[in-house]
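J.: Hey, can you work out the whole structure from these sequences and the hints?
Its first residue numbered 1, the sequence shown is counted upward by one per residue in my numbering.
Just so you know, these hints were derived from the structure itself, not from any lab. Hints may be right or wrong, so weigh each one.
As the list claims (entries may be wrong) - List of simulated lysine-lysine pairs, DSS-like, C-alpha gap at most 25 Å:
1) 275 x 326
2) 202 x 178
3) 202 x 275
4) 392 x 326
5) 142 x 178
Said to hold, decoys possible - Per label pair, the in silico range of CB-to-CB distance:
6) 72 x 198: 39 to 49 Å
7) 18 x 72: 32 to 42 Å
8) 483 x 231: 52 to 62 Å
9) 473 x 288: 43 to 53 Å
10) 170 x 21: 45 to 55 Å
11) 549 x 407: 34 to 44 Å
12) 272 x 72: 49 to 59 Å
13) 416 x 502: 21 to 31 Å
14) 93 x 20: 25 to 35 Å
Just so you know, even glycine gets a beta-carbon here, dropped at the ideal spot from N, CA and C.
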Amino acid sequence: MFCATGSTVYPAIREWEEAGVALYSALDSYMKLSAGLAEKSLANGAPPTYLATRIDSALGCFHTTVSNQFSQVQSILARARNQILSPFCHLPEEVLSEIFMHVVFAPLDLSDRRDPTSLTRCGTDSYRALYNMLGVCTAWRKVGLNRGALWSVVPLAQLSTGSLNCAPSVELILQRAKGTSLNLVVDPPKDSNTDHISLVAKHASQFDTVNVITSSIPIIRSTLGVFTHRQGPAPLMLSRLSIYQRHDYGSRMLGEDEDIVPSGLEPGLFDQLVKQLSSIQMRSVFLDWGGIGFSDRLTTFRFQDVMLGYDSEIIPLLKALSSATKLRDLEIIRVNTCHESVLLEDTLARSQILLPNLQSLLIQDLYFNTLRLILLSIQSRSHRLSLVFTRKSLRLNHADFESDEIDTGILSEALSNTPIHALLVDTETLEADEFVLSPDEFRGVLMAMPSLETLWVNIWELRSYYCSVLQRPSVSHESSFPHLINLYFTCVDFPDLEAFKRMINSHADSIQLVAIGGPSDLITEDKVHWDFPEGAQEAAIWLEDNVPEFRRIDRNFEPQEFRHMLWQLW
Numbered sequence: 001m002f003c004a005t006g007s008t009v010y011p012a013i014r015e016w017e018e019a020g021v022a023l024y025s026a027l028d029s030y031m032k033l034s035a036g037l038a039e040k041s042l043a044n045g046a047p048p049t050y051l052a053t054r055i056d057s058a059l060g061c062f063h064t065t066v067s068n069q070f071s072q073v074q075s076i077l078a079r080a081r082n083q084i085l086s087p088f089c090h091l092p093e094e095v096l097s098e099i100f101m102h103v104v105f106a107p108l109d110l111s112d113r114r115d116p117t118s119l120t121r122c123g124t125d126s127y128r129a130l131y132n133m134l135g136v137c138t139a140w141r142k143v144g145l146n147r148g149a150l151w152s153v154v155p156l157a158q159l160s161t162g163s164l165n166c167a168p169s170v171e172l173i174l175q176r177a178k179g180t181s182l183n184l185v186v187d188p189p190k191d192s193n194t195d196h197i198s199l200v201a202k203h204a205s206q207f208d209t210v211n212v213i214t215s216s217i218p219i220i221r222s223t224l225g226v227f228t229h230r231q232g233p234a235p236l237m238l239s240r241l242s243i244y245q246r247h248d249y250g251s252r253m254l255g256e257d258e259d260i261v262p263s264g265l266e267p268g269l270f271d272q273l274v275k276q277l278s279s280i281q282m283r284s285v286f287l288d289w290g291g292i293g294f295s296d297r298l299t300t301f302r303f304q305d306v307m308l309g310y311d312s313e314i315i316p317l318l319k320a321l322s323s324a325t326k327l328r329d330l331e332i333i334r335v336n337t338c339h340e341s342v343l344l345e346d347t348l349a350r351s352q353i354l355l356p357n358l359q360s361l362l363i364q365d366l367y368f369n370t371l372r373l374i375l376l377s378i379q380s381r382s383h384r385l386s387l388v389f390t391r392k393s394l395r396l397n398h399a400d401f402e403s404d405e406i407d408t409g410i411l412s413e414a415l416s417n418t419p420i421h422a423l424l425v426d427t428e429t430l431e432a433d434e435f436v437l438s439p440d441e442f443r444g445v446l447m448a449m450p451s452l453e454t455l456w457v458n459i460w461e462l463r464s465y466y467c468s469v470l471q472r473p474s475v476s477h478e479s480s481f482p483h484l485i486n487l488y489f490t491c492v493d494f495p496d497l498e499a500f501k502r503m504i505n506s507h508a509d510s511i512q513l514v515a516i517g518g519p520s521d522l523i524t525e526d527k528v529h530w531d532f533p534e535g536a537q538e539a540a541i542w543l544e545d546n547v548p549e550f551r552r553i554d555r556n557f558e559p560q561e562f563r564h565m566l567w568q569l570w
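T.: Here it is, written out as structure tokens:
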């Protein structure tokens, strides 16, 4: 029999037990009255049909309701018991919600993060994980709905959540975000119009980051318009902007109609926006940099896959960067300009800039004319420079899409004026007819880089003559040869193991790490099947015993010196 303890000092328990006793007493009384109902009612002259109607009413409504309530009570009490005995019950809600944050926004693996087109997949994975947790139990659901930051990704994209049917609407996300800082993801399906962008306009002041990937210039312009034409007194929070236009503009000069900032925009509005930003990524995007200035808030700038025009057209961009006095990380990747046969001294003088707080500079896959101009322009020397060298680095790019080879002596002269700390020599494809550099060319490039500490060779057959090139000379007159600390070999075979050993031993005074492996997702876009050839296997076995640190590497290889090659998804 259910009874109240009476002596409990916990009011909630006492009230619950007293209500239980009252319920038990009422049910006991009701059961006894039900047992004698027919006999007593008929004895008192009640019509049988009337009594039967009253009993039917009780069985059909009252008893059903009571039965459902008893089931609910049983479920509620069982759930409460399980929750209070669960280890999760002893975790503060703040701790549990922080665990949820790590699950929902778990870092994607490298093969996803390197691909800007995975933005929609990122949103899909986040909300799938969130809805999975909401469905576990009431306690988890409560935490998930109370933590606004779990709903901070606002996807203007077509999420594919599979059988979970958990693609939330933008309105629902904004409601559950509860005023927290927001991250906008714009990745609309093809042929979308700009109407859906207006959904987030009144929340413009809440957004901290914006990621746009689309082939539509109107969608890019409309997204920017949300922030240049925002309404209301609340200040803008936006700090990071990433725009990737799905077009290959790397070799074509673009016109004014392809500028992401429309010509009719009120002067100064876009300039005000960029002065707000601490980080900017732009890929395949055309923008007239004349008159644009950054602020000391900007710390990271990435510009990728675009044709600027003739060499002198890079000057407005460089001048804009010079206004970012706190810029720390600069990445210039596959930015093309066309060679001007006569580059005036005035042009060179106007292109020179100082970036006093620059810490890292990544230059990847540039034609020589563009590479030389950038190296001459950035006068700061406080930063560490990582250079990704391809065959383009030995060519002049012309407006007619032709290119001329230059002498490596000219390249070496340009490289010798700037300290370069990390070099990646990339053959680019397993089907290449020639190596990026001949042995003599390779030697000349290395001699022009006395500050070089890290060398990464990708897709190569390191024959004896290349091992000789990499072998540090013992004679003093070749002291400009770099003291290599890190050597990385990806998709490299070693047909002459003894020559390879001599090369490694020649760097015994400086070498700290040698790494060997297959393709890295940082630089190999296609899935390349590469097994350790016999030469690489033997080299790996020998290295384990003969260098301070040896590492076998996989597709996730992401060395610190080249981590900025990765397109960041915020």
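J.: Could you tell me which of the numbered hints above are not met by this structure, giving the numbers in increasing order?
T.: 4 and 7
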